[in-house]
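Participant: So the chains spell out like this:
Protein chains: 2
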Amino acid sequence: MICLADQLRAKPYYVHPLGEFASTLGAAKSTISEDLAALRLTFEHFGLGRVETLAGAAGGVRYVPRRDPSRIRVVAEELAERLRAPGRLLPGGFLYTTDLLSTPSIAERVGEAFATYFADRRPDIVLAMEVKGIPIALMTARAFNVPIVVIRRAGRVTEGPAVTVNYVSASSRTVQQMALPLRAVREGQRALFIDDFLRGGGTARGVFDLMREFRADVVGVGMFIATREPERKLVEDVFSLLRFEGADDRGNAIVRPSEDVAAIHAG
Amino acid sequence: MICLADQLRAKPYYVHPLGEFASTLGAAKSTISEDLAALRLTFEHFGLGRVETLAGAAGGVRYVPRRDPSRIRVVAEELAERLRAPGRLLPGGFLYTTDLLSTPSIAERVGEAFATYFADRRPDIVLAMEVKGIPIALMTARAFNVPIVVIRRAGRVTEGPAVTVNYVSASSRTVQQMALPLRAVREGQRALFIDDFLRGGGTARGVFDLMREFRADVVGVGMFIATREPERKLVEDVFSLLRFEGADDRGNAIVRPSEDVAAIHAG
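Protein chains in written order, with numbering that gives the first Met the number 0: chain A, 0 to 266; chain B, 0 to 266.
Subject to a maximum C-alpha distance of 27 Å in a straight line, what follows is the list of computed DSSO-like cross-link-like pairs (lysine-lysine):
#1 B:Lys131 - A:Lys131
#2 B:Lys10 - B:Lys131
#3 A:Lys10 - B:Lys10
#4 B:Lys10 - A:Lys131
It should be emphasised that the hints constitute simulated quantities derived from the structure, not laboratory data. For clarity, every value in this text was computed on a predicted model and none was experimentally measured.
Chain A on its own, in the form it takes in the complex (with noise of 0.2 Å):
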């Protein structure tokens, strides 16, 4: 059984026909279904996600990585407390975030509140800016079992032809750019951008602008932290998992879990 869950857990959405099962793991059919069923109120309980079961002749049983929205609460909480931390307010207004992002636990439950979020959206591809918000991309691709695209900024692109956009940093207030190999994106594909911090937008929109250029569809736009100010963003919908609002009168950063975390409902 610790088995099973280890294949469906490995491929998040795969379709597993039962048979499958049935000789990598040596059982009959008969046992491989009660043990799905245990599996399935086991996951349920814990919150870990869902088995679902798919009839048909395409059917088979698959494993949506759906984590439970009070424990996404609390990961948030965690988070916001250690960002309130002395020392974490760079000059210049930003967070110290690198070692957050960097550890692959924490990746991985941001990854998996993305998932959990955009779990809807069924996208073909995560979206990453480099360097910072790959981590939180990959893990979230992880939990859709999909790839990761990183756009490199200008100049930096060496697999042949490639798409180049403008875009207008926010915070830096210059004009960017930002680019992806002719090959990295197919037309209708269906992506989900992921990063670490959104100010004004700039960088997103710019995600916009280059997806229209290899007809791809952006489905959803996850952030880390967004900025409260300024409040009017260059992209709608966006789901951040916590909200920086400034300094309090200590110089500490002032960060809470987003409203959109507290609407994330079990679904």
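Following the hints, put chain B in place on chain A, whose structure we already have.
Facilitator: Just chain B now, with coordinates in the frame of chain A:
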């Protein structure tokens, strides 16, 4: 039992006191012990890693993610086969690997292979060079339950004081720079360097120089692919998953699992 497995695998190498499980799972210690014994056998049987019990005051149980050597060889052979396909060989003798490295399930299996090979080195951090090696480095870090530290190419560090070293890239024959924020690595830390491609070893040599500045130790170098030529690399004791030997007469890449992979033993 599924939940026990989940908690163990979420934090490899972390020693869970038995009481912790008893309280979070609401079960008696004797039940937990029986379940752990069953888990140990199951993990062993399916080559999922080891469940180890540590006695004493700081004792408890931990999960060590060692994959079965025969399974690692299968993964390496599958990847080599995909890299031998037409269209992979790029101008300049490069190999198109981005799509594989960017697929989370592949990055995960590669990371587990590195974690198995380097299990005895006990790294405190996993080092990656931006950008392409990040997914496999992150998955290696995940298997060791340690943070990843991403080395930036110079001129791109935005997080305060940094240490910069020069290195000679054997591929481009130019002097380049790599940099890390001072706060990224602490004195005495054990660093495992993971990257996607090794030709002459100039970059890896630079990583050794960089860690010397931090008074940290490089305890291992793991590469997704190493070229056969030049045979003499600038660094010794490199583990590579695949060996890239040039082009065949149809212009496809010649790629095989490395001799290192054949030499992995169950340990």
